[in-house]
Amino acid sequence: MTTTLPATDTSPPGARTAPRLSEKSRVLLVTGAVLLVVAVVAGLRAGSGAVLTQALVTGVLTGGIYSLVAMGLTLIYGVLHIINFANGSLVALALYLTLICVQDLGMHPYVALVVVMPAMFALGALLQATLLNPVMKAPIQIQLLITIGLALAIENGLLLAFGPNPRSVALPGNTGVQVLGATVELSRIWAFAGALVIVALLALLLQRTRVGTEIRAVAANPEGARLVGIDIRWIYVLTFGLGAMAAGAAGVLVSPFTTIEPTTGAVFNLTAFVVVVLGGMGNVPGALVGGLVVGLTEQLAGLILPTQSPLLAVFVVFLVVLFVRPRGVFGRSA
Amino acid sequence: MTVLEATAVTKSFRGLQALRGVDISVEEGQILGIIGANGAGKTTLFNCITGAFAPTSGRVTLDGEDVTGLPAHQLARRGMVRTFQLMRPFATMSVLENVEIAAMSRGARGADVRREAARAVERTGLAEWAGRRSGSLPAGMQKRLELARALAMRPRVLLLDEVLAGLVPAERAPVLDLLEDLRRQEGTTMVFIEHIMAAVRRLSDHVVMMDQGAVLARGDAESVLSDPKVVEAYLGKETRSA
Amino acid sequence: MTATAPSTRSTSTTTALTGQPAPAPRVRGALDYALVLGVLVVGAALPFVMTTSQMAIANRVLIFAIMGVGWNVMAGFGGMFSFGHAAYFGIGAYATAYTVVTLGLSPWVGLLIGMVLAAAAGVGISYLALRYKLTGAYYTMSTFAFAEALRLFVQGSEPLRRTVGFSVPVQQGSSFAGFQFPAGSPWYWWIGVVLLAICLLVTILFVHSRPGRFTLAVRDDDVAAAALGIDVLRHKLVAVAISAAITSVAGMFYVQYYMFVDPSIAFGAHTSNDAIITAVVGGTGTVWGPVVGAVIMAPLSDLVAGFLRNPPPALDWLAGQSGLDIIVYAVILILVVTLLPKGIVGTIAARRRKQ
Chain E
14 MTTTLPATDT SPPGARTAPR LSEKSRVLLV TGAVLLVVAV VAGLRAGSGA VLTQALVTGV
74 LTGGIYSLVA MGLTLIYGVL HIINFANGSL VALALYLTLI CVQDLGMHPY VALVVVMPAM
134 FALGALLQAT LLNPVMKAPI QIQLLITIGL ALAIENGLLL AFGPNPRSVA LPGNTGVQVL
194 GATVELSRIW AFAGALVIVA LLALLLQRTR VGTEIRAVAA NPEGARLVGI DIRWIYVLTF
254 GLGAMAAGAA GVLVSPFTTI EPTTGAVFNL TAFVVVVLGG MGNVPGALVG GLVVGLTEQL
314 AGLILPTQSP LLAVFVVFLV VLFVRPRGVF GRSA
Chain W
3 MTVLEATAVT KSFRGLQALR GVDISVEEGQ ILGIIGANGA GKTTLFNCIT GAFAPTSGRV
63 TLDGEDVTGL PAHQLARRGM VRTFQLMRPF ATMSVLENVE IAAMSRGARG ADVRREAARA
123 VERTGLAEWA GRRSGSLPAG MQKRLELARA LAMRPRVLLL DEVLAGLVPA ERAPVLDLLE
183 DLRRQEGTTM VFIEHIMAAV RRLSDHVVMM DQGAVLARGD AESVLSDPKV VEAYLGKETR
243 SA
Chain D
52 MTATAPSTRS TSTTTALTGQ PAPAPRVRGA LDYALVLGVL VVGAALPFVM TTSQMAIANR
112 VLIFAIMGVG WNVMAGFGGM FSFGHAAYFG IGAYATAYTV VTLGLSPWVG LLIGMVLAAA
172 AGVGISYLAL RYKLTGAYYT MSTFAFAEAL RLFVQGSEPL RRTVGFSVPV QQGSSFAGFQ
232 FPAGSPWYWW IGVVLLAICL LVTILFVHSR PGRFTLAVRD DDVAAAALGI DVLRHKLVAV
292 AISAAITSVA GMFYVQYYMF VDPSIAFGAH TSNDAIITAV VGGTGTVWGP VVGAVIMAPL
352 SDLVAGFLRN PPPALDWLAG QSGLDIIVYA VILILVVTLL PKGIVGTIAA RRRKQ
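Chains as they are written, first to last, in our numbering: chain E, 14 to 347; chain W, 3 to 244; chain D, 52 to 406.
The shape of chain E in the complex, shown without the other chains (with noise of 0.2 angstroms):
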């Protein structure tokens, strides 16, 4: 938890020391045993054992695709403060990347990463070099109304390409494995690994490179980072580049196993909307921990309340995070 990435903190220096890290954990403990007794409850519910270890593997394997997914939002938040509507929409455009990759150039799914990371990487840092960084010092709905824009023009774009008629690409040898009893594909099992490499990854280039701590010293005070020689407009561009990078990453890993759609993004957005408010915005690690929680709600809810959609729940929760601690439950505390 230490790539932590100082959003909109304007705390005094000084004033917060020893008790974070315990409140941290204290938040953790309550998570863990909050989630401890819905899973007791729909165990219970459920009736069986193993309808209940099948809900819970598939609930943390699903929450690290979620967090996959909102890596790139988190990240851009936590450094621009925009909230990338677009984000969805560039997962989708990467699952259709995929599409090409596979049907057309006949690439196994997980080779397209090498064609589709650089390729959503340079859209990324094209589209924030010319439609964001002028309007960097705007109020924040003008960001937002711009990326709903672009979020808006690349489901369509996508529409008028491939049509609406669903697609989807096969994994080759995608058969189902027994995880602690429970039956999972195993492109999700990847999917999972891959959003830990990822999350590994990032957090190592914040932390240990010098492009890294440039990113982080714009992140915490963007004037301070101009100052010291920091061109932060390069840093923005190169941080949008990541986060549709990251989003791209997301969208080769769950090709395998989604209904490859021009409106798949939508979907994908409102997930990791709450997956970055519950970690905390503009918090790395704090995604992954924000995914398994929203994975493991929706699964459990199924069982518990089997007639309303296990996303109600998700958002239910999301509400109340929200209102509750708003800079996330593993966020800073503020």
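FYI, nobody ran anything at the bench for these hints, they're computed from the structure.
Wrong hints could be hidden among the right ones.
As the list claims (entries may be wrong) - Distance condition first, Cα-Cα at most 30 angstroms in a straight line; then the derived DSS-like pairs of lysine-lysine:
1. D:Lys393 <-> D:Lys184
2. E:Lys150 <-> D:Lys405
3. E:Lys150 <-> D:Lys393
4. E:Lys150 <-> D:Lys184
5. D:Lys405 <-> D:Lys393
Quantities reported herein were computed from a predicted structural model and do not represent experimental measurements.
Once you have looked at the hints, place chains W and D on chain E.
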């Protein structure tokens, strides 16, 4: 009688002690000046008194009534009116409309709104700027607008936060004259934070010097300004005391 | 100039200040009232000069305009940038559908129920958001999430017919009480124009009323407003209530005109977008911006569809494809936001002020 009294007011932000038990009081028709270096807690004291936030502990009374922790808008309606160090105009409105808001809030209705607002605008020397959009006014004029809005509220006690800062010397005199008029003609009670010592000498009946969240010295202007502690802690470093 | 809420009246004030007796205050927003009258006159005449298919587009303009006018009260005048106005549109639509289909009552009863429910929901959620001081991105998220949560709730709710939605049963003949007329009847348009005019009047009255002017002060600077004795929370909630109620009117009109609603139409993110974009393109915080925005944005999909029926040879491949209309819509949004951040009416008003 005592109009405004703050007793043992403390305020801490996440363990940071901004005010450590401050007492001030001001009698009807008198003017209290508050001086001190930046970060001494002067504006925090104003914020606690005027309800921008509640004090951590302590008591604030207005005309003998306990008003501690009341929200800002309720205090303002009771006549506790302040201006801001950093100007806060209603930027999309004209100067006159800004002041009309204050007059309406005070309770003026119908044609009185315009009349009272126009009077406050005129008194603060803003008459020829009345139709200008307040967001595009020069800083000095925005400062006067702060004052005009406060006047239209018909304050029981007026708290002025560096009302002269940002004004060129030629602009200061009319503002000082206005404040003196207010006291003489309307008997307005005032508390003002100021870095310009000439103004402090000219206006204050009493002066409180704050340092690191506490009162370091109090008394009449001359005795405070010549107090060795004050000179050492504040005036010695102060370059704006001209 | 009259289109912007806080009008500047430089000439009359200076005379008031130079000692002459103040001139009798003229009616605030007189031009705005005159323009509403103009809308009614033009609206009355339109069905006589336009074809039935053009009137279908005009009716969509009405829905966009009412939504935009509603959103604008909260965002433009109240300063709370909502990304979830589909919530209020949807509440209006579902209240009407439920009242008509399930309860068998008049849609006008549904309209009232919808307005009250929408205002109550808006005040409730905004009270929480303001109470917990959600600002910036977090406020945006809360409005967005509220609409989404409502959509998911309706999708899972049996009495609200889940994802199937409601179809309003067709009656024979015309009925004002039932707000139903034969297909292509101009009465939908005429009633819609009156509803829009009422919403505009409410907006204009609000902007010039005491609570309205206090709300504008709160929008411009809430700290300064509080210091002048204005109850910030109360005025924000008043703006929210009016905004939500107006937006729900659009939902009611939608249900009666298209005779169908489902959760994604009512509560989908695209509905929130339509409300926002209409007002933003026309000019946020101006009385007439949403109307201008609706006239520009609402006919887009039909214009593009018409264009694609006979595309120039170079664009032949586009024939029969969908999506281009929204792309054009998105491009206009991005261009307006980047080049004219005050919107069309807002930019014109600013130009005139400078002269």
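Which hint numbers does the structure go against, in order from smallest to largest? Structure breaks no hint.
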